[in-house]
Amino acid sequence: MRLALLAWRYLWARPLVAVLNLVLLSLGLASMTFVILASEQVEHAVQRDLAGIDLVVGAKGSPMQLILSGVFHLDSPTGNIPLGTVKLLRDHPLVARVVPLSLGDSLHGFRIVGTTREYLDLYGGQIELGRTWKIPLEAVLGADAAAELKLRPGDTFAGSHGLGMGGDEHDHYRYTVVGTLARTGTVLDRLVVTSTESVWAVHAHHGSAPAEAAPPADDHQDDHDHGHDGDHDAAHEDEDDPREVTLLLVSYRSPLAAVSLPRWVNAQPALQSAAPAFETARLMKMVGAGTEVLRGFGIVLLAAAGLSVFIGLYHAVRERQADLAMMRMLGAPPRRVATLVVAEALWLALLGIIIGLVAGHAVTHLLGSYLQTERSLSLTGAWVSPWEAVVPAAAVLLALLSAALPAVRAFRLDVTKLLQAH
Amino acid sequence: MLEFQNLRHRYTPQVEVRFPDLRLAHGDHLLVLGASGSGKSTLLALIAGLLSPSSGHVRVEGTDVGSLRASARDAWRGATLGFVPQRLHLSPSLSVLHNLELPFVCAGEHVDSPRIATVMDHLGIGALAHRRPHELSVGQAHRVALARALLREPRLILADEPTASLDDEAATDALGLLRQAASETGATLVVATHDRRVTDWLPGAHVLRLAAAPAP
Numbered sequence: 018m019r020l021a022l023l024a025w026r027y028l029w030a031r032p033l034v035a036v037l038n039l040v041l042l043s044l045g046l047a048s049m050t051f052v053i054l055a056s057e058q059v060e061h062a063v064q065r066d067l068a069g070i071d072l073v074v075g076a077k078g079s080p081m082q083l084i085l086s087g088v089f090h091l092d093s094p095t096g097n098i099p100l101g102t103v104k105l106l107r108d109h110p111l112v113a114r115v116v117p118l119s120l121g122d123s124l125h126g127f128r129i130v131g132t133t134r135e136y137l138d139l140y141g142g143q144i145e146l147g148r149t150w151k152i153p154l155e156a157v158l159g160a161d162a163a164a165e166l167k168l169r170p171g172d173t174f175a176g177s178h179g180l181g182m183g184g185d186e187h188d189h190y191r192y193t194v195v196g197t198l199a200r201t202g203t204v205l206d207r208l209v210v211t212s213t214e215s216v217w218a219v220h221a222h223h224g225s226a227p228a229e230a231a232p233p234a235d236d237h238q239d240d241h242d243h244g245h246d247g248d249h250d251a252a253h254e255d256e257d258d259p260r261e262v263t264l265l266l267v268s269y270r271s272p273l274a275a276v277s278l279p280r281w282v283n284a285q286p287a288l289q290s291a292a293p294a295f296e297t298a299r300l301m302k303m304v305g306a307g308t309e310v311l312r313g314f315g316i317v318l319l320a321a322a323g324l325s326v327f328i329g330l331y332h333a334v335r336e337r338q339a340d341l342a343m344m345r346m347l348g349a350p351p352r353r354v355a356t357l358v359v360a361e362a363l364w365l366a367l368l369g370i371i372i373g374l375v376a377g378h379a380v381t382h383l384l385g386s387y388l389q390t391e392r393s394l395s396l397t398g399a400w401v402s403p404w405e406a407v408v409p410a411a412a413v414l415l416a417l418l419s420a421a422l423p424a425v426r427a428f429r430l431d432v433t434k435l436l437q438a439h
Numbered sequence: 002m003l004e005f006q007n008l009r010h011r012y013t014p015q016v017e018v019r020f021p022d023l024r025l026a027h028g029d030h031l032l033v034l035g036a037s038g039s040g041k042s043t044l045l046a047l048i049a050g051l052l053s054p055s056s057g058h059v060r061v062e063g064t065d066v067g068s069l070r071a072s073a074r075d076a077w078r079g080a081t082l083g084f085v086p087q088r089l090h091l092s093p094s095l096s097v098l099h100n101l102e103l104p105f106v107c108a109g110e111h112v113d114s115p116r117i118a119t120v121m122d123h124l125g126i127g128a129l130a131h132r133r134p135h136e137l138s139v140g141q142a143h144r145v146a147l148a149r150a151l152l153r154e155p156r157l158i159l160a161d162e163p164t165a166s167l168d169d170e171a172a173t174d175a176l177g178l179l180r181q182a183a184s185e186t187g188a189t190l191v192v193a194t195h196d197r198r199v200t201d202w203l204p205g206a207h208v209l210r211l212a213a214a215p216a217p
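Chains as they are written, first to last, in the working numbering: chain V, 18 to 439; chain H, 2 to 217.
With the rest of the complex left out, here is chain V (with noise of 0.2 angstroms):
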């Protein structure tokens, strides 16, 4: 115990280069917290968003496009698809379920989505206040959107036009807030979700309204951002019905229609199918390549730390000859002067696992909260993965290493030559 004590009088004994060694350690460790926090929570919240999605349909276009826009509501979409296309896929004997979505508002970045109930379910989605939507133009928040935009049920909104922050407002369709959701950890969290009713209403005299069987009009070409600036022409051909959503969520209801149902969408004229299973592991593979380099990076620090530790403690003990050799004169056995070398080195450990934990959970966080106001991934500095045990482990694997040579030339000090120092 007085051992340790020594060893942190000799540790802050140079200062500087203690807190360059634990600044060093710190940044590794810190780097090595933050890809363990954030791959954790990207790669659950990726996993929670596609529950029970087995197959995006929506327009032609990049399948990409579909997944980031239909499941992660991150890009825009592709386009608009006849909503005769739902009954075609919920009759489809291979089919368990098919949840429309209706994109294109949106309310101070969160996303306006036009559905059905079904939605809620798909993530557990639970009213808190209030009640779900009874009719077109009454909508349900989530609970970020709820809690960041202040609104609570009574509460009116117009929609904005596109769905970044700036379109032009709806403003003679107003909606009416009627419930809020309880916080699903999912995407769910950042929609404000309505009947896809309330989206044809609204666009039904925003020209661009496919309730009007009309051709695109004029003043809707610059609207490029707009989800409902379909294949009007293809999705009409053989079809009754003018009306049209964005894209479908499909469950299915044996594994064996991942076999035939991509390839039977595919073959529909206007249709375009994506696997979410399949492009995410593609995201998750572009990703990784970002967390590589982090990962990268901060192995880089911890082995720059690791070789300044070393350096440090092995000129420590150069310069510390005479103090190291008097406490073997002073009854010290070889393997306690040896002892107090890596005890300096596991203080610096215990400080650059401290420091780097707190660290890196804050840089999580902070991050957390900018994506939040750029209503994208969520992620917390809250978040604790059992993977963070591997920060102590490779901190004091590294002091060990580091100190292990200065120990060994504490270890073999020659004691004859305190007496020899004329």
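Simulated from the structure, these hints should not be mistaken for laboratory data.
Keep in mind it's a predicted model, so treat the numbers as computed, not measured.
Each residue gets a CB set at the ideal place from its N, CA and C atoms; glycine is no exception.
Here are some, though not all, of the chain V residues that point toward chain H, as calculated from beta-carbon distances under 8 angstroms:
| hint | residue |
| --- | --- |
| 1 | 26 |
| 2 | 27 |
| 3 | 343 |
| 4 | 345 |
| 5 | 432 |
So the derived label-pair ranges between C-beta atoms look like this:
| hint | chain 1 | residue 1 | chain 2 | residue 2 | range |
| --- | --- | --- | --- | --- | --- |
| 6 | H | 128 | V | 32 | 20 to 30 angstroms |
| 7 | H | 197 | V | 421 | 41 to 51 angstroms |
| 8 | H | 139 | V | 317 | 43 to 53 angstroms |
| 9 | H | 165 | V | 40 | 38 to 48 angstroms |
| 10 | H | 128 | V | 316 | 46 to 56 angstroms |
| 11 | V | 21 | H | 73 | 21 to 31 angstroms |
| 12 | V | 26 | H | 200 | 35 to 45 angstroms |
| 13 | H | 73 | V | 317 | 44 to 54 angstroms |
| 14 | V | 32 | H | 24 | 49 to 59 angstroms |
| 15 | V | 40 | H | 207 | 51 to 61 angstroms |
With chain V's structure known, arrange chain H on it following the hints.
Chain H alone, transformed into the frame defined by chain V:
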């Protein structure tokens, strides 16, 4: 108390130094005289168990130092010997008080703070507890080094050139403290020096002259 018997130390296969036989009773003191390189340091190292004799024995209070196992020798050294090195070797990283905790920490023992306070007061350095060694005068530093040697009540005090680089007054002071400490505790003093002043000052001490300088 201290006995050399047929004591030899071999530096290299060719070079060996032989020390005269000697028997010291309790309360006797020993002066080891000789120029640099005459084997003074070697003798001190043999007494402290830092070197093993190539043949013969060093006995301290009947204990054959060379026959102790390595770990036992360290513990024995800490408990039996007080050592005042020529350059004092106070740790510059630690305060005076923390330097004086070292004998206990090194022995793996509980730090006896009352004992430290007593010894500090006795040597008149009680007010220096929180100074760093570089903030001390030469005389003060000597007293701290002596205090460190006395803390665990050694039976044998080894002093290596205790007056080197000291003027007459400081040397008298240092030697006076050393002799006083030895007489108060009944410890045996072994002083290695080539300083004539010391010879005059320890009358009646056994004198061991090491003349023949072994080839390096």
